[in-house]
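*Asks:* The primary structure of each chain is shown beneath.
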Amino acid sequence: MAERKKETAVVISQEQLADGIFSMWIKTQASGTARPGQFMSVYTNDAGKLLPRPISICEIDSKKEALRLVYRVTGKGTGTEQFAGLGAGDPVPVIGPLGNGFPTEKAEGKKVFLIGGGIGVPPILELAKGLACKKKQIVVGYRDAHTFLKEEFERNGELYISTEDGSVGTKGNVLDAIREHSLDADIIYACGPTPMLRAIKEYAEENNIVCYISLEERMACGIGACLGCVCQTKERDSHSNVHNRRICKDGPVFLATEVEI
Amino acid sequence: MNMKVTIAGVEWKNPVTVASGTFGSGAEFAEFADLNKLGAVTTKGVANVPWPGNPTPRVAEVYGGMMNAIGLQNPGIDLFCERDIPFLRQYDTKIIVNVCGKSTEDYCEVAERLAGEDVDMLEINISCPNVKEGGIAFGQNPRAAEDITRAVKRYAKQPVIMKLSPNVTDIAEMAKAVEAGGADAVSLINTLTGMKIDIHRRTFALANQTGGVSGPAIHPIAVRMVYQAALAVKVPIIGMGGIASAEDAIEMMLAGASAVSVGTANFHNPAVTMEIVSGIEEYLRQNRIEDVRELIGAVRP
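Protein chains in written order, with this note's numbering: chain A, 106 to 366; chain F, 140 to 440.
Keep in mind that the hints were calculated from the coordinates and are not lab data.
Treat the hints with care, as some may be off.
[Unchecked claim] Simulated restraints, written as ranges between beta carbons of each label pair:
#	chain 1	residue 1	chain 2	residue 2	range
1	A	121	F	257	51 to 59 Å
2	F	256	A	237	48 to 56 Å
3	A	310	F	417	50 to 58 Å
[As the list claims (entries may be wrong)] Within a straight-line C-alpha distance of at most 30 Å, the following computed DSSO-like cross-link-like pairs (lysine-lysine) qualify:
#	chain 1	residue 1	chain 2	residue 2
4	A	168	A	255
5	A	110	F	233
6	A	111	A	154
7	F	373	F	241
8	F	143	A	111
9	F	373	F	176
10	A	240	A	276
11	F	296	F	143
12	A	241	A	211
13	A	168	A	132
14	A	255	A	169
15	A	239	A	215
16	F	315	F	292
17	A	339	F	241
18	A	111	F	233
19	A	276	A	255
20	F	176	A	111
21	F	241	F	296
22	F	176	A	110
23	F	152	A	111
24	A	154	F	335
25	A	276	A	239
26	F	335	A	181
27	F	143	F	292
28	A	215	A	241
29	A	168	A	110
30	A	111	F	335
31	A	132	A	255
32	A	241	A	168
33	A	110	F	143
34	A	168	A	240
35	F	152	A	110
36	A	211	A	168
37	A	215	A	276
38	A	154	F	176
39	A	216	A	239
Every residue gets a Cβ at the ideal spot worked out from N, C-alpha and C, and that includes glycine.
Sequences are here, hints too, so could you generate the full structure?
*Replies:* Written as structure tokens, this is what we have:
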């Protein structure tokens, strides 16, 4: 009856990639079925912080039964700060994989943009690694020269970088980088902050490009029951019966034209 | 050893249900927990028509708990009857439908609609702090609470549980009011109104500005209020508020609850209800208590 459960994963390694950005490999059964674009609910070992932190999956190594989570420490005394303090061998309670993931099959034979911004960059890596397509153009945006995961991206496609301060690549955002290099695509997969996704959604509509975006919202249950993390939809959703869909369960990846952001 | 309890004439296999709004209609949790092992499933509130709920962010964590202002998003009674009741009926558990509304007529319409449906009990939510109309407007005034109870009772075929708000000065008075209105049982507590401010963005953590605080942090308040209500009324009480373990559930029963609801703890561990049921059994065994009902209201001055 109850075929899924909260699992105690084990930390394999922990590494700081940039200011406030950490990379943690964990050993978990979730690696067996995880797909790019899905996320893990990660729990702290502090009973006072009882909600899970939804963290996107950056890499999947099913042979080693491992997942890589790259995350931002969101402040002093936060759950993510506790995660950053975990070392090899430490237990970390998780539920996952959760969410739908990117529809990778849509990329077949297509020219693709894989776009990531800020802490939306990590899930783009696993997507880039496995994607079968005609042309793989990875466009990632950072604040500054802390261009974490850059080497991994270079090995997995044509890489274009934008930084807000102009220290690396195009000065500005990911769309500025696309324009500067006169790039074009038939399909877009994107993950990042809402203002970036809003701009990409608009760009995709103007240029008639199929576009999938991965949304973020404060979550409680992570499994679709509490209705904490909804997004607004253009059409009435068949499950909610209103113009709302659940980001944790129906998403986090949506066709950009279906959602109002 | 007996784990059965009878609430307003309805026999549950054990005294554990879930708090409305934390469990949907059970479908999502069925992957993690065996719904057959619950005394009852209490559904998310349902209204006469679909409600879109509040803008996001709708949830925030606070130490020892969380806050929510979902705003009673629900698919409306038609889809609920068509989809959620048949789903729950596959399981050997009682079905408690939580009902929300903006006016007395709304509540009565849903109660009337459910009269012909295969559900076991109704829980009337007059205590949601997160919607402007209805809900709490009935839950903070004894006269209004009594009146709406009486009105709903005219339409309801199933036993009616009135769900009370802790955001009142005198919980005993509220419990007595709904009992006078004909309530078959009461449940308490709903969430406590709170506020969280994000100091980095320097604005409210929730789009609704205020939200309902739940989780272990509010447990002692819930125990106190269940105790006070139990001394005031004869109808059975379903106790809730921060129950996260068998120990918390037992404490609530000793205070006077005939059954308990587990809410926010489901988000920390979706199988927590299974552990609570077996933990209560273990406690009875260790203390050589033959019948779980011996716990109900066993602590008195």
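*Asks:* Confirm or reject each hint.
*Replies:* Okay, the hints, checked on the actual structure:
no.: 1; hint: 121(A) - 257(F): 51 to 59 Å; in the structure: holds, 57 Å
no.: 2; hint: 256(F) - 237(A): 48 to 56 Å; in the structure: holds, 50 Å
no.: 3; hint: 310(A) - 417(F): 50 to 58 Å; in the structure: holds, 54 Å
no.: 4; hint: 168(A) - 255(A); in the structure: holds, 24 Å
no.: 5; hint: 110(A) - 233(F); in the structure: holds, 24 Å
no.: 6; hint: 111(A) - 154(A); in the structure: holds, 16 Å
no.: 7; hint: 373(F) - 241(F); in the structure: holds, 29 Å
no.: 8; hint: 143(F) - 111(A); in the structure: holds, 28 Å
no.: 9; hint: 373(F) - 176(F); in the structure: holds, 28 Å
no.: 10; hint: 240(A) - 276(A); in the structure: holds, 24 Å
no.: 11; hint: 296(F) - 143(F); in the structure: holds, 23 Å
no.: 12; hint: 241(A) - 211(A); in the structure: holds, 13 Å
no.: 13; hint: 168(A) - 132(A); in the structure: holds, 11 Å
no.: 14; hint: 255(A) - 169(A); in the structure: holds, 23 Å
no.: 15; hint: 239(A) - 215(A); in the structure: holds, 5 Å
no.: 16; hint: 315(F) - 292(F); in the structure: holds, 16 Å
no.: 17; hint: 339(A) - 241(F); in the structure: holds, 26 Å
no.: 18; hint: 111(A) - 233(F); in the structure: holds, 26 Å
no.: 19; hint: 276(A) - 255(A); in the structure: holds, 16 Å
no.: 20; hint: 176(F) - 111(A); in the structure: holds, 18 Å
no.: 21; hint: 241(F) - 296(F); in the structure: holds, 21 Å
no.: 22; hint: 176(F) - 110(A); in the structure: holds, 16 Å
no.: 23; hint: 152(F) - 111(A); in the structure: holds, 26 Å
no.: 24; hint: 154(A) - 335(F); in the structure: holds, 15 Å
no.: 25; hint: 276(A) - 239(A); in the structure: holds, 28 Å
no.: 26; hint: 335(F) - 181(A); in the structure: holds, 17 Å
no.: 27; hint: 143(F) - 292(F); in the structure: holds, 26 Å
no.: 28; hint: 215(A) - 241(A); in the structure: holds, 9 Å
no.: 29; hint: 168(A) - 110(A); in the structure: holds, 22 Å
no.: 30; hint: 111(A) - 335(F); in the structure: holds, 28 Å
no.: 31; hint: 132(A) - 255(A); in the structure: holds, 24 Å
no.: 32; hint: 241(A) - 168(A); in the structure: holds, 25 Å
no.: 33; hint: 110(A) - 143(F); in the structure: holds, 27 Å
no.: 34; hint: 168(A) - 240(A); in the structure: holds, 28 Å
no.: 35; hint: 152(F) - 110(A); in the structure: holds, 24 Å
no.: 36; hint: 211(A) - 168(A); in the structure: holds, 26 Å
no.: 37; hint: 215(A) - 276(A); in the structure: holds, 28 Å
no.: 38; hint: 154(A) - 176(F); in the structure: holds, 28 Å
no.: 39; hint: 216(A) - 239(A); in the structure: holds, 5 Å
Consistency with the previously given hints is maintained throughout, with no hint failing.
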